[in-house]
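K.L.:
Read off the chains here:
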Amino acid sequence: MSKEKKRLLSASPLLFTLFSVLTGLLVGAVVLRISGYNPVQAYRVILDGIFSRPSYVAYTIIYSTPLILTGLSVAFAFRTGLFNIGAEGQFIIGALGAALAGAFLNLPPVIHAIVAALAGIAAAAIWGGIAGFLKARFGVNEVIATIMLNWTALYLNNYVVTLPGIKRPAATATAFILDSARIEILPLWKMSEAGRAWRMAHPFWHDILRTPLNAGILIALFLAFFCWWLLNRTTLGYELRAVGYNPDCSEHVGIDVKRRMISSMAIAGGLAGAAGALHVLGWTRQAAELAAMEGLGFDGIAVALIGGASPIGCIPAGLLFGALKYGGSKLQFALRAPIEVVNIVIGSIVFFVAMPRLLQILARRLKRKKETGGDSHAA
Amino acid sequence: MLLESLAFIIATTLMYSAPLIFTALGGVVSENAGVVNIGLEGMMTLGAFVGAAVGYFAGDAWIGFLAAGVAGGFLAFFHALACVTFLADHIVSGIAINFIGPGVALFLSRYYFDGATQTLSLSLDAKIPRPLNGVFEQNGFLDMVFNQYATVYLALLLVVLIWFVLYKTRLGLRIRAVGEHPKAADTLGIDVFKIKYLAVITSGVLAGFGGAALSVAIVSRFSATLVSGQGFIALAAMIFGKWKPQGTLLACLLFSSAQGLTVFLGRADLQRFLPIPSQLLAMIPFLLTLAVLIGFVGRSRPPAADGLPYEKD
Chain X
1 MSKEKKRLLS
11 ASPLLFTLFS
21 VLTGLLVGAV
31 VLRISGYNPV
41 QAYRVILDGI
51 FSRPSYVAYT
61 IIYSTPLILT
71 GLSVAFAFRT
81 GLFNIGAEGQ
91 FIIGALGAAL
101 AGAFLNLPPV
111 IHAIVAALAG
121 IAAAAIWGGI
131 AGFLKARFGV
141 NEVIATIMLN
151 WTALYLNNYV
161 VTLPGIKRPA
171 ATATAFILDS
181 ARIEILPLWK
191 MSEAGRAWRM
201 AHPFWHDILR
211 TPLNAGILIA
221 LFLAFFCWWL
231 LNRTTLGYEL
241 RAVGYNPDCS
251 EHVGIDVKRR
261 MISSMAIAGG
271 LAGAAGALHV
281 LGWTRQAAEL
291 AAMEGLGFDG
301 IAVALIGGAS
311 PIGCIPAGLL
321 FGALKYGGSK
331 LQFALRAPIE
341 VVNIVIGSIV
351 FFVAMPRLLQ
361 ILARRLKRKK
371 ETGGDSHAA
Chain R
1001 MLLESLAFII
1011 ATTLMYSAPL
1021 IFTALGGVVS
1031 ENAGVVNIGL
1041 EGMMTLGAFV
1051 GAAVGYFAGD
1061 AWIGFLAAGV
1071 AGGFLAFFHA
1081 LACVTFLADH
1091 IVSGIAINFI
1101 GPGVALFLSR
1111 YYFDGATQTL
1121 SLSLDAKIPR
1131 PLNGVFEQNG
1141 FLDMVFNQYA
1151 TVYLALLLVV
1161 LIWFVLYKTR
1171 LGLRIRAVGE
1181 HPKAADTLGI
1191 DVFKIKYLAV
1201 ITSGVLAGFG
1211 GAALSVAIVS
1221 RFSATLVSGQ
1231 GFIALAAMIF
1241 GKWKPQGTLL
1251 ACLLFSSAQG
1261 LTVFLGRADL
1271 QRFLPIPSQL
1281 LAMIPFLLTL
1291 AVLIGFVGRS
1301 RPPAADGLPY
1311 EKD
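Line by line, the protein sequences are chains X and R.
First residue of the first sequence: 1, per the working numbering; consecutive thereafter.
First residue of the second sequence: 1001, per the working numbering; consecutive thereafter.
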């Protein structure tokens, strides 16, 4: 099945993806129209919500950063023949690891941020590696294993963040990370006297600096190129892809298939963990108790699918999703229209992406219909 | 005390098993016809919402329950359209369903319930009834165990029904033939596409029932976090149950017993003797699932053509 999946995805041309995106947006418009909202007005609200101010663009980038990374996580596993539904749990573990290292280690700036990010990434890599190990050693389907690990991660997070000594007073969250671990753009300077004065004189930058814009996006872009390089330009990547393409054949030519499965899931876990870690270090500064899944990991599945399961493709797909999510969040206020229309749009895009042969089959149908004189027999 | 505890655990287990059984049976039907249905979660969520909303407006949980089945089947139709007619990747289409189902549910919830992501509650007497209420001595062992919502008995009956249809009728033979070897089935004159559509839509109806078994029986309304992964657990139960109704029933009971045990251990009177943090208790069902999957590897095999698109030459 994974072979088939890979073939379908790699064969899906850019043009069809664009067609899917447009059709998905159209479905959203129809849904809005039926419910009595003006779709043109709604999409204008979304577009304005993304582009009309520098801070909006900054927020779009902030929203997109974790989506690009969880998308990378899913795409990387996909390329190696594994389906990582566990990005959600790996994200939680990465966020938790980074929050703890950021709050309770005492290190100089920059180094602290790097150590905290690596702590989150390493913890999430182990978490992802567990699913790889269970598949390699016991043959447990990685889809089921990662689903179970997602929920385990959620409750583990909720247990840890409320432990005495870790919990912040009067909040169900960890202590805030130290300033030395923050990756926001000059977080202290921009709030200082001098920073405020400078911002008053530069309205454009002032608007951007009002947002928690951070270095996360640069790291996400770097990791996207790194994954591309790893998969396409290294022996490890070649072996990983070979295992994904044909495990039996890989075994015969001497690739340690089981080991590669574990490394693939560990790398995928690390990528989703990076999403969680950067989210904490760049924005939230804490790991909080979770009443439900936040969904950034699940969203990553959509990003990977829209991005054609290619690391580079995850960048535009993540930006698209982040923009729809941030811009869409303004629908409620502006039009009192339910923001969930964004999920319907994203779902519809993925739905069309799932059918790369849609147009071909439709065309064939139409032709057959003409030949048989309009006798349309379903299926 | 011991007897009472046992009754409590059994009763909670049965109660929580119904949504899983309905949904997992949906998975059994769909996958036996060769269509992987990872979209069960989305279909279940939409069913849970429609069941609660229609039940609320109609003032009758059964009407809600049936509407939930229709909604699940409606969503499943699109899965069938993608997978059967347009040869889509089943998993990708299922993922899309898992975005669309909850998306539509929350969209409609905000639309009909004044911007809220939860519906208003059904009144207590409008909920799914307990048919054996008052039959046994109140609060006795039998009463505690058997005084269940009608959906529990319905789910158990459906296990028998689906088993019968799959293994004792011509239709069942056709469904399994299509899932094992569509080409052979086609050659014998079975309408592969029709069977697949039928199976997938049935699976959606059942998943919709599963959602409603949550929203109008166990609780009395839909909320954004109500389903939270139970569709995925039903999927795991189906795999653990080896794609067979009887095995799936046992797997569902195992998972819901873990839930029952969690509720039991979380009870205030027990927490005094055995203080286990609730978050750790909540992990039990998921860790148990993993443990069970590790222990039972290699013995479960999906239908041969499960997940493969079938194209006529």
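Check each hint, because a few of them may be wrong.
Stated by the list, open to error - Chain X stretches covered by chain R per the calculated footprint, using a threshold of three residues with CB under 8 Å from any CB of chain R: (1) 47-58; (2) 94-102; (3) 111-118; (4) 137-145.
Stated by the list, open to error - Which residues of chain X face chain R? A few of them, derived with a C-beta cut under 7 Å, are: (5) Met148; (6) Asp256; (7) Leu358; (8) Leu366.
These are calculated hints, taken from the structure and not from any lab test.
Bear in mind the structure is a predicted one, so any value in this text is a computation, not a measurement.
We put the CB at the ideal spot given by N, CA and C, even for glycine.
K.L.:
Tell me the hint numbers this structure goes against, listed in increasing order.
P.N.:
Of the numbered hints, 1, 2, 3, 6, 8 do not hold.
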